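Trainee: Sequence:
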Amino acid sequence: MQEKKQVKSIPRKGDDLSEWYTQVCLRAQLVDYTPVRGCIALRPYGFALWELIQAEFDKRFKATGHHNAYFPLLIPESLLIKEAEHVEGFAPEVAWVTQGGGEELTERLAIRPTSEAIIGTMYSRWIQSHRDLPVLINQWCNVVRWEKATRPFLRTLEFLWQEGHTVHASEAEAAEEVQRMLEIYREVAEDVLAMPVIKGRKSENERFAGAVATYAIEALMPDGKALQAGTSHEFGQNFSKAYDIKFTDVDEQVKFGYTTSWGVSWRIIGGLIMTHGDDRGLVLPPAVAPYQVAIVPIMKTGDETVMPAAVQLRNTLASVVRVTLDDREQSPGWKFSEWEMRGVPLRVEIGPRDVAQNVVTVVRRDTLEKSTIPFDDVAARVPALLEEIRASLAARARKELDAHTVVATDRAAFVEALKRQDGFVLAPWCERSECELDIKAETSAVTRVIAGPADPGQVCAYCGKPAKVKAYFARSY
RNA sequence: CGGGCGGUAGCUCAACUUGGUAGAGCACUGCGUUUGGGACGCAGCGGUUGCAAGUUCAAAUCUUGUCCGCCCGACCA
0 MQEKKQVKSI
10 PRKGDDLSEW
20 YTQVCLRAQL
30 VDYTPVRGCI
40 ALRPYGFALW
50 ELIQAEFDKR
60 FKATGHHNAY
70 FPLLIPESLL
80 IKEAEHVEGF
90 APEVAWVTQG
100 GGEELTERLA
110 IRPTSEAIIG
120 TMYSRWIQSH
130 RDLPVLINQW
140 CNVVRWEKAT
150 RPFLRTLEFL
160 WQEGHTVHAS
170 EAEAAEEVQR
180 MLEIYREVAE
190 DVLAMPVIKG
200 RKSENERFAG
210 AVATYAIEAL
220 MPDGKALQAG
230 TSHEFGQNFS
240 KAYDIKFTDV
250 DEQVKFGYTT
260 SWGVSWRIIG
270 GLIMTHGDDR
280 GLVLPPAVAP
290 YQVAIVPIMK
300 TGDETVMPAA
310 VQLRNTLASV
320 VRVTLDDREQ
330 SPGWKFSEWE
340 MRGVPLRVEI
350 GPRDVAQNVV
360 TVVRRDTLEK
370 STIPFDDVAA
380 RVPALLEEIR
390 ASLAARARKE
400 LDAHTVVATD
410 RAAFVEALKR
420 QDGFVLAPWC
430 ERSECELDIK
440 AETSAVTRVI
450 AGPADPGQVC
460 AYCGKPAKVK
470 AYFARSY
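Each residue of the first sequence is one higher than the one before, starting from 0 at the first, in numbering that gives the first Met the number 0.
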């Protein structure tokens, strides 16, 4: 490769993941820092990526009967504090509005850290009968959590997400809903974003404040740390009792509903970046790439054949994929580097040699493989290539996850594996909070999800007491 | 929130130790030549040295405070 003498290159991904990550976020033009601490600006390219991810989730929410709605950003303190465990869990990271219109408010208003309180309050007004159930509502919005240490996408004070909030007449139905949405999260992460995850229930320590049970999908980052990429909660009747969500059932008894909530944030973009990116920058899975193809024309002075061909190529491709024709003045090499940094899955080069032979040159972002395909076959071949890229990214990421997941059954191996901080450690576990805290103190790792019951007779890999479950452990973001 | 590092042009940095007219490369603008892996020439534009106080004849430089960013830790749906 040419040495980058004019333009500073980013650190290699393997050398300094943190710095690499920050540089990719900025230089791919996804985000920029702002004068507001911990808050990022999502630039058009980053927002386009988010919109495409949103669309994938949203169509699945709609297909399972959910409707979008919107609730207030500001939540009166008196509502927020109704569910004791919930408030306690969020208290440290709530931002408060204490003044309005130049006057001190009689009651301060929380900027929503999540919307159970306000949505629950509204549901109590909307639900009277079993005929009103289930309520299946989702909200796309921003929330604020006053974090101490922030990073683009992974942890910001303000972030974009969706939060689904549902109410059901029975516990079984609510439980089913929670699993249904978790499975949608897994499906989008793995099949659309090509980001493999482990899926399961959270331990008591890791559970959402106020939940009876929390389930999550967790992805594995290249530095061996786990990233929570989506959660789905069963609340039992905790929130319906706190917010008075009651209905008269078919048996004429007045009952509290069973509620759930489930959420995915733009954090998943951070996961994507780290999962697929390489030394040249971002690598986007085709389904959510704002541009799936970038056409780079290469022209000699006075050439009059390349641009018309490139325009025709763009028009042809526009009917099957998201495509951009890069007709800026920069040199081809400069454009190659830029589109690589920005993660465009396929680059199509068209120059005099291609035009003369009635072909185009296609370069895959994931493998950097170059191939020549007949001009007339482009519209047919490109979608197939994009699918190959998706499959290849998914397979490679899956291989990574598997390669960095180890099983440990005895204490020495378990502790050693966790201290290596090299991915997931799957181990039989007693499921005691105290044991998890001890493990954390010694290794910095905690359970990420509980995968299922332990085998008969197994003992906890750490404390030696009888094992109840098999759990994945790792350090986390 | 604790420990460490940093903030000078859009970016990367020099000038700071030893106070004395704020510089370079890249980027940007114009013109010309170029275009198959970050092109070249010429001419330009670009600064409240993060912010605020203090010391001094004089502060990018010394002192204090503060804000922001990065790393490690703690904390954290």
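Among the hints, erroneous ones may be present.
[To be verified] List of simulated lysine-lysine pairs, DSSO-like, C-alpha gap at most 27 angstroms:
id: 1; residue 1: Lys418; residue 2: Lys369
id: 2; residue 1: Lys81; residue 2: Lys240
id: 3; residue 1: Lys147; residue 2: Lys439
id: 4; residue 1: Lys299; residue 2: Lys334
id: 5; residue 1: Lys254; residue 2: Lys240
id: 6; residue 1: Lys469; residue 2: Lys418
id: 7; residue 1: Lys299; residue 2: Lys12
id: 8; residue 1: Lys467; residue 2: Lys418
id: 9; residue 1: Lys58; residue 2: Lys12
[Claimed, not checked] Label pairs and their calculated CB-CB ranges:
id: 10; residue 1: Glu146; residue 2: Lys254; range: 53 to 61 angstroms
id: 11; residue 1: Arg419; residue 2: Ser77; range: 45 to 53 angstroms
id: 12; residue 1: Ser318; residue 2: Ser432; range: 51 to 59 angstroms
id: 13; residue 1: Gln311; residue 2: Lys418; range: 37 to 45 angstroms
id: 14; residue 1: Arg36; residue 2: Ala390; range: 35 to 43 angstroms
id: 15; residue 1: Arg36; residue 2: His129; range: 19 to 27 angstroms
id: 16; residue 1: Gly100; residue 2: Glu146; range: 24 to 32 angstroms
id: 17; residue 1: Ala378; residue 2: Ala440; range: 53 to 61 angstroms
id: 18; residue 1: Pro71; residue 2: Ser330; range: 50 to 58 angstroms
id: 19; residue 1: Gln311; residue 2: Pro221; range: 37 to 45 angstroms
id: 20; residue 1: Thr63; residue 2: Asp250; range: 21 to 29 angstroms
id: 21; residue 1: Arg36; residue 2: Gln98; range: 16 to 24 angstroms
id: 22; residue 1: Asn357; residue 2: Ser330; range: 51 to 59 angstroms
id: 23; residue 1: Glu84; residue 2: Asp250; range: 28 to 36 angstroms
The set of hints was computed from the structure by calculation and includes no laboratory data.
Owing to the predicted nature of the structure, the values given are computational and were not obtained by experimental measurement.
Here a beta-carbon is modelled for each residue, glycine too, at the ideal position from N, C-alpha and C.
Trainee: Next, verify each hint and record whether it holds.
Mentor: Against the structure, the hints:
1. Lys418 / Lys369: 42 angstroms, violated
2. Lys81 / Lys240: OK: Lys81 and Lys240 at ~9 angstroms, within 27 angstroms.
3. Lys147 / Lys439: Holds, at roughly 20 angstroms.
4. Lys299 / Lys334: With Cα atoms ~16 angstroms apart, Lys299 and Lys334 stay inside 27 angstroms; holds.
5. Lys254 / Lys240: 10 angstroms, holds
6. Lys469 / Lys418: Since the Cα atoms of Lys469 and Lys418 sit roughly 19 angstroms apart, the hinted pair holds (cutoff 27 angstroms).
7. Lys299 / Lys12: 36 angstroms, violated
8. Lys467 / Lys418: Given that 27 angstroms is the threshold and the Cα spacing comes to 23 angstroms, the pair holds.
9. Lys58 / Lys12: 34 angstroms, violated
10. Glu146 / Lys254: 53 to 61 angstroms: 38 angstroms, violated
11. Arg419 / Ser77: 45 to 53 angstroms: Since Arg419 and Ser77 have Cβ atoms about 49 angstroms apart, the given range 45 to 53 angstroms holds.
12. Ser318 / Ser432: 51 to 59 angstroms: For Ser432 against Ser318, whose Cβ atoms are near 57 angstroms apart, the range 51 to 59 angstroms holds.
13. Gln311 / Lys418: 37 to 45 angstroms: The hinted range 37 to 45 angstroms is violated for Gln311 and Lys418, with Cβ atoms some 59 angstroms apart.
14. Arg36 / Ala390: 35 to 43 angstroms: 41 angstroms, holds
15. Arg36 / His129: 19 to 27 angstroms: 48 angstroms, violated
16. Gly100 / Glu146: 24 to 32 angstroms: 29 angstroms, holds
17. Ala378 / Ala440: 53 to 61 angstroms: 59 angstroms, holds
18. Pro71 / Ser330: 50 to 58 angstroms: Holds - the Cβ-Cβ distance for Pro71 and Ser330, about 52 angstroms, lies within 50 to 58 angstroms.
19. Gln311 / Pro221: 37 to 45 angstroms: 41 angstroms, holds
20. Thr63 / Asp250: 21 to 29 angstroms: 28 angstroms, holds
21. Arg36 / Gln98: 16 to 24 angstroms: Once the Cβ atoms are compared, 20 angstroms apart, the range 16 to 24 angstroms for Gln98 and Arg36 holds.
22. Asn357 / Ser330: 51 to 59 angstroms: 25 angstroms Cβ-Cβ, so the 51 to 59 angstroms window is violated.
23. Glu84 / Asp250: 28 to 36 angstroms: 30 angstroms, holds
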